[in-house]
Structures are given as structure tokens and as C-alpha cells.
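Engineer: Residue numbers (the working numbering), protein chains in the order written: chain L, 1 to 271; chain U, 1 to 421.
One should not assume that every hint holds.
Heads up, simulated DSS-like pairs for lysine-lysine below, C-alpha to C-alpha not over 30 Å straight-line [stated by the list, open to error]:
1) U:Lys320 to L:Lys88
2) U:Lys94 to U:Lys132
3) U:Lys267 to L:Lys26
4) U:Lys174 to L:Lys160
5) U:Lys320 to L:Lys160
6) L:Lys158 to U:Lys174
7) U:Lys320 to L:Lys26
8) U:Lys316 to L:Lys33
9) U:Lys270 to L:Lys158
10) U:Lys144 to L:Lys33
11) U:Lys207 to L:Lys160
12) L:Lys26 to U:Lys144
13) U:Lys267 to L:Lys240
Some chain U residues near chain L, calculated using beta-carbon distances under 7 Å [unchecked claim]:
14) Ile176
15) Thr178
16) Lys270
17) Gln271
18) Asn294
19) Tyr296
20) Val306
21) Glu374
22) Lys376
I should point out that these hints are in silico values taken from the structure, not numbers from a laboratory. All residues carry an ideal CB built from backbone N, CA and C; glycine is no exception.
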Amino acid sequence: MATLTFEIALTLYFAAVITGIIELLKSTKTTSKVMLFLAGIGFFSHTLSIAYRYIAAGHIPISSPHEATSFFSWCIVLLFFLLEIRYKIGLLGSFIMPVVFALMLVSAMLPREIKPLSPVLQSHWLGIHTLFAFLGNAAFALAFGIGIMYLVQEHYVKSKHLGGLFQRLPSLQSLDEINYRLITIGFPLLTIAIITGALWADTAWGSYWRWDPREVWSLITWLIYAIILHARLMAGWRGKRAAVLSIIGFLTILIAFFGIKLLGKGMHIFP
Amino acid sequence: MKILTVGLNHNTAEVEVREKLAFEGPKLEEGLLKLKAIPEIEEAVVLSTCNRVEIYTNVKDADKASEAIRAFISEFHGIDDRLLENALYYYRDKDAVRHIFRVASSLDSMVMGEPQILGQFKDAFEFALEKKTTGVLLNKLMRKAISVAKRVRTETRIAENAVSISFAAVELAKKIFTELQEKSVMLLGAGEMAELAAKHLISNGVKEIVVANRTYERGCELAKEMNGRAVRFDEFISEMVHTDIVICSTGAPTYVVTKSQMHTVMKERKQKPVFIIDISVPRNIDPEINDMDNVYLYDIDDLQGVVDTNILERTKEAEKAERIIEEEIETFLRWQSSLDAVPTIIALREKAEAIKKEEIQKLINRIPTLGDKEKKAVEQMATAIINKLIHPPTAALKEDSEDKDSLIATIKRLYGINEKS
Numbered sequence: 001m002a003t004l005t006f007e008i009a010l011t012l013y014f015a016a017v018i019t020g021i022i023e024l025l026k027s028t029k030t031t032s033k034v035m036l037f038l039a040g041i042g043f044f045s046h047t048l049s050i051a052y053r054y055i056a057a058g059h060i061p062i063s064s065p066h067e068a069t070s071f072f073s074w075c076i077v078l079l080f081f082l083l084e085i086r087y088k089i090g091l092l093g094s095f096i097m098p099v100v101f102a103l104m105l106v107s108a109m110l111p112r113e114i115k116p117l118s119p120v121l122q123s124h125w126l127g128i129h130t131l132f133a134f135l136g137n138a139a140f141a142l143a144f145g146i147g148i149m150y151l152v153q154e155h156y157v158k159s160k161h162l163g164g165l166f167q168r169l170p171s172l173q174s175l176d177e178i179n180y181r182l183i184t185i186g187f188p189l190l191t192i193a194i195i196t197g198a199l200w201a202d203t204a205w206g207s208y209w210r211w212d213p214r215e216v217w218s219l220i221t222w223l224i225y226a227i228i229l230h231a232r233l234m235a236g237w238r239g240k241r242a243a244v245l246s247i248i249g250f251l252t253i254l255i256a257f258f259g260i261k262l263l264g265k266g267m268h269i270f271p
Numbered sequence: 001m002k003i004l005t006v007g008l009n010h011n012t013a014e015v016e017v018r019e020k021l022a023f024e025g026p027k028l029e030e031g032l033l034k035l036k037a038i039p040e041i042e043e044a045v046v047l048s049t050c051n052r053v054e055i056y057t058n059v060k061d062a063d064k065a066s067e068a069i070r071a072f073i074s075e076f077h078g079i080d081d082r083l084l085e086n087a088l089y090y091y092r093d094k095d096a097v098r099h100i101f102r103v104a105s106s107l108d109s110m111v112m113g114e115p116q117i118l119g120q121f122k123d124a125f126e127f128a129l130e131k132k133t134t135g136v137l138l139n140k141l142m143r144k145a146i147s148v149a150k151r152v153r154t155e156t157r158i159a160e161n162a163v164s165i166s167f168a169a170v171e172l173a174k175k176i177f178t179e180l181q182e183k184s185v186m187l188l189g190a191g192e193m194a195e196l197a198a199k200h201l202i203s204n205g206v207k208e209i210v211v212a213n214r215t216y217e218r219g220c221e222l223a224k225e226m227n228g229r230a231v232r233f234d235e236f237i238s239e240m241v242h243t244d245i246v247i248c249s250t251g252a253p254t255y256v257v258t259k260s261q262m263h264t265v266m267k268e269r270k271q272k273p274v275f276i277i278d279i280s281v282p283r284n285i286d287p288e289i290n291d292m293d294n295v296y297l298y299d300i301d302d303l304q305g306v307v308d309t310n311i312l313e314r315t316k317e318a319e320k321a322e323r324i325i326e327e328e329i330e331t332f333l334r335w336q337s338s339l340d341a342v343p344t345i346i347a348l349r350e351k352a353e354a355i356k357k358e359e360i361q362k363l364i365n366r367i368p369t370l371g372d373k374e375k376k377a378v379e380q381m382a383t384a385i386i387n388k389l390i391h392p393p394t395a396a397l398k399e400d401s402e403d404k405d406s407l408i409a410t411i412k413r414l415y416g417i418n419e420k421s
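Whole structure, please, built from the sequences with the hints as guidance.
Structural biologist: Quick look at the structure:
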């Protein structure tokens, strides 16, 4: 069942991406509704697939790369819907669903068997630490999407050609504000994830920080977002600069996530 | 039942003529009731705006009614008949329906796609409803026109983009800032277009307005007029630190804001975005400022460019709208022709029933010995004959067809049915 519901989610997300692209090319009132509908049903199926795995494995399913990537995209869709309910940002789905689908596709290509959790990971910290980490990173993923939308809209305004998506994209100020809001949500979550990770590492391995590649990359990500927030408050780095930085930030997260999970070594790799 | 439209608009009549022919205030009611009282006219609606005067009617004879309406206009407004000659246009039937749909959908407007006309159209119809000058045909036509206009608005993007410079400025401001309610605007120098743009921004909710003019007194006057505040011209740079939108139109021969000045301003603003509209010729603001982050500078040519593209866009959308209208005309005409057929069908049946009764009576008179049973049988047979005979023409009348009017006329002639009204 976990596999079937996962495949359904993957297919529906793909359909949502296609509708999202149609929405970009040719707007009708129905396309955005269809897209939300497809993504919504996909999300439901995705939730079921995670729940099945949770029951089968007996712990939050994020221990294999397949599970972790799937769970990460689930968090992004969750935040996307929360954002959509709160702000109703036109076209956001068209920009964010491709990210979700790409992650799901990667997840689909990874081995799916449920392996027993190594004793060192069997702890309550697993759920707490990873939930914060994934939600924080999901907020950054949305900031990435919003950042791209900002750059597109800024391009229209600066180049003085107000065609294409100009009418349908939100105003620059709202995009900038939502971007800032997302980073202020993501940053504390990431901070808590790093702290809980350190505490967990202390109980599991006897030291808070071991310069494991994952830890190093988390630190780099954390620093990037710290710089974004600092520069915004101190030097007024808003708008385009904030958008570019949030894009760079998310790309760093992706490198950290896949680079280490797929190629690297360390305790975040689960043999 | 014929639909007739008589009217004039910004294309056919100068404003001087339009003014004289407007049905304003009490004149509207008076005019409408007088129109309705004309024997040729069965139903009437009057639409009077600053760009058009239109009279929509349901008449018996279009030629006579056209004459009567023209005479009425000339008499009512006390205008020479000759002045009306070139100003008035007349549309009948399908053309009238098309014209009415186009007017309501703002395809016939001076600024195509402008939204006010639909409201004015609705008001005109509601007023006529209230004064009971409309009936089945015009009620249906007006309601249909309103729904067509709504369809055009939702299915095309005809009303989407601003087509005047000052509206384009407002549109841009709305895509740079979230809420204009929290923004302030500064007028740098004064000019007609600058004031107009400022007024549009105010009507869109801008919070504060500051005027900086070379002659301080003139600036004060203007500020008072717009409920704003005047500052001395040499203070405007420091004022820009707190201003989100700047509209510049001084007569200065050189740049009054340079890039380095703008850098200082932006630093002090903590890079909060600023929208500068430079409508002065020659330009007063260094165009390179547009390259700075969070500064959006539009000069008069840029805005004109936006307007031109939007107009082009609207023209494209107008083609779509015309197609929608053609579709809707067909549905309306189908409805109308079904309306025409009903009285003919009734008349046909009544005529047949009358013949049947007459002939049965004749038979009874001739053969008085007929029993009840026989009488009943004869009557049944007669009913069956007339039913079978009038069925094909009735069915033909109920069908949709192109030449319904001529069909109705033919059937009336063949069966000797006379017009009742």
C-alpha cells in the first residue's frame, strides 16, 4: 500500500506540474483550481503512503534516502497549502510543484525496502530532530520558489515590458515580505534542528559536534540564512538580493541533502 | 415586434452636440415617458452618458418609428433636425442586438474595455423597469446584454490592462507595493499629467501626499487642493527618504536627481523600494537610477510604451469578444423568433377549431336525426382531421430556422390568419 499510494502521489504531482505549466502559458480560472485539486489529492495519497510506512517500520519514516526525500517533499507540499490558504499567492503552485515533483522523482528512483533501524538511531530524538530539520528546509524551499517569482516579476518591472505573467504575479513587495516571513520561520526551525541534533549526538556518540559532513553543511546553510536575515535587518538587503540569496540558500540545502545522502559518508548515511 | 436602436456617440457627434442631447436628471424620466407614449413605440430604454445617448425600443414599424424618434429628439431637446442628420445612427433587428451587446460589453466605448459603461447600462435598464417602459422583449434583451458583457469580461482580458498613462502608473504602483494605503507620494513640480496621476493614486488609497514646487506658494495651493503638505523645493531630496512614490514634472533643463543623490536616499531608506515616475521632458531624473536595486524609474516614454502594448493587447482581446457576441446574438434571435411563432400557432389552432365547430353545426342542422353517438363520432373525426392538418405547420413554426420570419408570414398568408394587433 505504501508503494501504491506513493505512486499515486507521484502521478498526481506530475499532473499538477503539467497543469501548473499550462497555467503559466495560458491562464483560465479553472487551471489553478485543477492544479490545487490534483496537488491536494496527491498530498492525501502521499500522507497515506507515509502513514503506511510509519506503521510498517514503527518509527517516523525518514531513515532511508527514499523515505527522507519523500518526507521532505511532503513537508514542502504541506507548507505550500498552508501558504496558499493564508496568502492565496497566484502562480505559486506553478513554481513550487516542479520542485516537489523533482524530489519525488529522485525518491522514486531510490531503493524502497524498509531496513531495521540501527540501534544508535532508535531514539525519540529521531522524530524531533528530523521533523524540525525537514520543516525548516521546506520553508526554505518555498522561499526559493517565492524568490524565483520575485526575480521574474522584478524583471518585468525593470525591463518595462509588462507582458506575460506581470498581471498575475503578486506585487514585488508582497513577494519580498513572504520570502522574509518564510525565512524567519525556517531559520529558528533549522536552529532547533541543529541544537537537538547536537544533543542527540551527545547521547548517542558522546560528543555534541563531530564535524560530520552533514553537520558541516547544516552549519553552512545556517550561516547563509543567518546572513540573509542579518543583511536584511542591518543593511536593508531586501528585494532582489534577498531573493537571490534565498535561491542560493536552497541550492546549498539540496547539495547538502543529496550530496551527502547519495555520495558521502558519515552518521547521517544509513547503510 | 422589431428591435430598433437610435443613438449617437463620441464618434458621430461632437461633445457640444452630445451635451445638448443628454437625458440628464429629471429629463431622463420625462423623455422616457414621452417616448413610451409615442404610438409606434411599445417598449423603450434610454441610456445617456457623457459619451453616448442611445434609445433602445421595441416598435411595430421600424421606418415610422425611426422617423418618430428623430422628431422626438429634435423636439424634446429643441435641436435643429439638420444637426441630427449626421449624428444619429439607426440599427434594426440583428444589427440592433449586436450594437446593444457591443455597447454593454464596452467594445463601442471611447476607451475600449472601460468598466463604467456596464454600470451605466444597468442603471438605464433598471430605471426603465422602474418606470415600466419595458416589456418581455426589451427585458430579455437588456438582461442578455448584461450577461454577455459579464461573459466578455471573464472570458477575455479586454479590461485588464491600463490604457492611459496615469492608470498605467497606478497599475505599476500596485505591482511594486502591496498596499497603497501605507504609501506616500511626492509631487515634484506640478503639471496637469502629474496632478492627474497623483489624483489617481489618492483615489487608490495612498496615505500621504507631499508637494515640492519651485514656487512655494503654488506648491501650497496644490497641496491644499489635494489635502497634502507642501515642502520647499530644496528640501525634496531629504523628503524622498520617506516617500515611496515620486512623480516628477519640473521644467528643469537638467537632472534634478542624480545617481549619487539617489544612493544616499536609498541608504537612508534602508533600501525600501521606491517608484519614480518622471513625466518631464527633458527628463529630470537620471535614467541610470533604474539600474539601482529597489528603485523603479519610469519616464513618459516608458509609460507610453506600456499603454501602447496594452492597447494592442485589448484590440486582440476585442476579436475574441466579437466572436462571443456573435454567438450570443444567435441564441437571442432564436429566443425572439420562438416568441414570434407562438401567437401564430395559437391563431392557427383557433382558426381550425372555429372551422370545425362551424361545419359540425352545419351538419347537425342538415341532418337533425343524428343521435348522440353519431354526433360524437363525427366530432372525433373532425378533430382528427384538423389536428393532422395543422400539425406540420405547427411543428415547422416550433423549429429553429433561419427564415422564420418569412415562414410565419407564409403560414399566415396560406391559412388566412390576420394580424391581431
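Engineer: Now tell me if each hint is right for this structure.
Structural biologist: Results for each hint:
no.	hint	result
1	U:Lys320 to L:Lys88	29 Å, holds
2	U:Lys94 to U:Lys132	24 Å, holds
3	U:Lys267 to L:Lys26	40 Å, violated
4	U:Lys174 to L:Lys160	15 Å, holds
5	U:Lys320 to L:Lys160	26 Å, holds
6	L:Lys158 to U:Lys174	15 Å, holds
7	U:Lys320 to L:Lys26	15 Å, holds
8	U:Lys316 to L:Lys33	26 Å, holds
9	U:Lys270 to L:Lys158	20 Å, holds
10	U:Lys144 to L:Lys33	28 Å, holds
11	U:Lys207 to L:Lys160	26 Å, holds
12	L:Lys26 to U:Lys144	28 Å, holds
13	U:Lys267 to L:Lys240	15 Å, holds
14	Ile176	5 Å, holds
15	Thr178	4 Å, holds
16	Lys270	4 Å, holds
17	Gln271	3 Å, holds
18	Asn294	5 Å, holds
19	Tyr296	6 Å, holds
20	Val306	6 Å, holds
21	Glu374	69 Å, violated
22	Lys376	63 Å, violated
Going down the numbered hints, you'll see the structure goes against 3, 21, 22, while the others check out.
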